[in-house]
Amino acid sequence: RKEVEQDPGPFNVPEGATVAFNCTYSNSASQSFFWYRQDCRKEPKLLMSVYSSGNEDGRFTAQLNRASQYISLLIRDSKLSDSATYLCVVKGGDTGGFKTIFGAGTRLFVKA
Amino acid sequence: EAGVAQSPRYKIIEKRQSVAFWCNPISGHATLYWYQQILGQGPKLLIQFQNNGVVDDSQLPKDRFSAERLKGVDSTLKIQPAKLEDSAVYLCASSSRKGEYEQFFGPGTRLTVL
Chain U
1 RKEVEQDPGP FNVPEGATVA FNCTYSNSAS QSFFWYRQDC RKEPKLLMSV YSSGNEDGRF
61 TAQLNRASQY ISLLIRDSKL SDSATYLCVV KGGDTGGFKT IFGAGTRLFV KA
Chain V
1001 EAGVAQSPRY KIIEKRQSVA FWCNPISGHA TLYWYQQILG QGPKLLIQFQ NNGVVDDSQL
1061 PKDRFSAERL KGVDSTLKIQ PAKLEDSAVY LCASSSRKGE YEQFFGPGTR LTVL
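Protein sequence lines, in the order shown, are assigned to chains U and V. If you use this note's numbering, the first sequence corresponds to residues 1 to 112, in order. If you use this note's numbering, the second sequence corresponds to residues 1001 to 1114, in order.
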């Protein structure tokens, strides 16, 4: 089993749709969680951190479920510019809390 | 504020040759990361430095890969000798703290091994 797993997609949705991505992780001692966005042939960029209480940033909502060991990302009112690969990132769980693991990413295509 | 700089942007070599990549992190960032991203996959952490010390190199193929961060600023990643499966984008990132803080990525070096 991979340490961080994501549905690779692709998700093809029309503009204005709501889309949700899930990510599961295997190490229950993991400490920090993030969603990064990566455009084609570009570097990853932080989209948002994920907190235990859940957090929202405009059209984006992230949630963490420690009991079930998954995190989620919800995008409402999708825009064409949301087309990208969304990477789930899990940090910590090792002695020093250093370990960083990226998921393989979920591809999203938003169509006009 | 200047971002993470990497060079070269592209490199094509033949198998068994050597190659080196350079990274200059954001000024003041103590933590520096090197990742390997193979097409269609997420970035895989190769090595993480805290200042000039290594804190995680568990996924670095040490028989052929080496990295250093002299004086806790710039870093170089070397592959010697290269294999076909080393073809990937090598990403450098930096952050101001070890754990929870945002990682800022450079544009990457796209390596092709023929």
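Calculated from the structure, these hints are not laboratory results. Please note: incorrect hints may appear among the correct ones.
Claimed, not checked - Beta-carbon label-pair distances, calculated as ranges: (1) Q69(U) - Q1080(V): 37 to 47 Å; (2) S26(U) - Q1080(V): 43 to 53 Å; (3) K1015(V) - G54(U): 26 to 36 Å; (4) K1015(V) - F109(U): 48 to 58 Å; (5) S81(U) - G1040(V): 28 to 38 Å; (6) S26(U) - Y1101(V): 41 to 51 Å.
As the list claims (entries may be wrong) - Here are the simulated EDC-like pairs of lysine to aspartate or glutamate, each with C-alpha atoms no more than 16 Å apart in a straight line: (7) K1044(V) - E5(U); (8) K42(U) - E5(U); (9) K1015(V) - E1102(V); (10) K79(U) - D39(U); (11) K111(U) - D57(U); (12) K45(U) - E1102(V); (13) K1044(V) - D82(U); (14) K1083(V) - E1102(V); (15) K1078(V) - E1014(V).
What the hints assert, rightly or not - On the chain U side, residues computed to face chain V include the following (Cβ under 7 Å): (16) F11; (17) V13; (18) P14; (19) E43; (20) P44; (21) L47; (22) G54; (23) F98; (24) T100; (25) G103.
In this text the structure is predicted, and so the values were computed from the model without any measurement. Quick reminder that beta carbons are idealized off the backbone N, C-alpha and C, glycines included.
Consistency of the hints with the structure:
no.: 1; hint: Q69(U) - Q1080(V): 37 to 47 Å; verdict: holds (39 Å)
no.: 2; hint: S26(U) - Q1080(V): 43 to 53 Å; verdict: violated (33 Å)
no.: 3; hint: K1015(V) - G54(U): 26 to 36 Å; verdict: violated (48 Å)
no.: 4; hint: K1015(V) - F109(U): 48 to 58 Å; verdict: violated (35 Å)
no.: 5; hint: S81(U) - G1040(V): 28 to 38 Å; verdict: violated (22 Å)
no.: 6; hint: S26(U) - Y1101(V): 41 to 51 Å; verdict: violated (24 Å)
no.: 7; hint: K1044(V) - E5(U); verdict: holds (13 Å)
no.: 8; hint: K42(U) - E5(U); verdict: violated (22 Å)
no.: 9; hint: K1015(V) - E1102(V); verdict: violated (35 Å)
no.: 10; hint: K79(U) - D39(U); verdict: holds (14 Å)
no.: 11; hint: K111(U) - D57(U); verdict: violated (22 Å)
no.: 12; hint: K45(U) - E1102(V); verdict: holds (9 Å)
no.: 13; hint: K1044(V) - D82(U); verdict: violated (24 Å)
no.: 14; hint: K1083(V) - E1102(V); verdict: violated (32 Å)
no.: 15; hint: K1078(V) - E1014(V); verdict: holds (15 Å)
no.: 16; hint: F11; verdict: violated (16 Å)
no.: 17; hint: V13; verdict: violated (21 Å)
no.: 18; hint: P14; verdict: violated (25 Å)
no.: 19; hint: E43; verdict: holds (4 Å)
no.: 20; hint: P44; verdict: holds (5 Å)
no.: 21; hint: L47; verdict: violated (10 Å)
no.: 22; hint: G54; verdict: violated (17 Å)
no.: 23; hint: F98; verdict: holds (5 Å)
no.: 24; hint: T100; verdict: holds (5 Å)
no.: 25; hint: G103; verdict: holds (5 Å)
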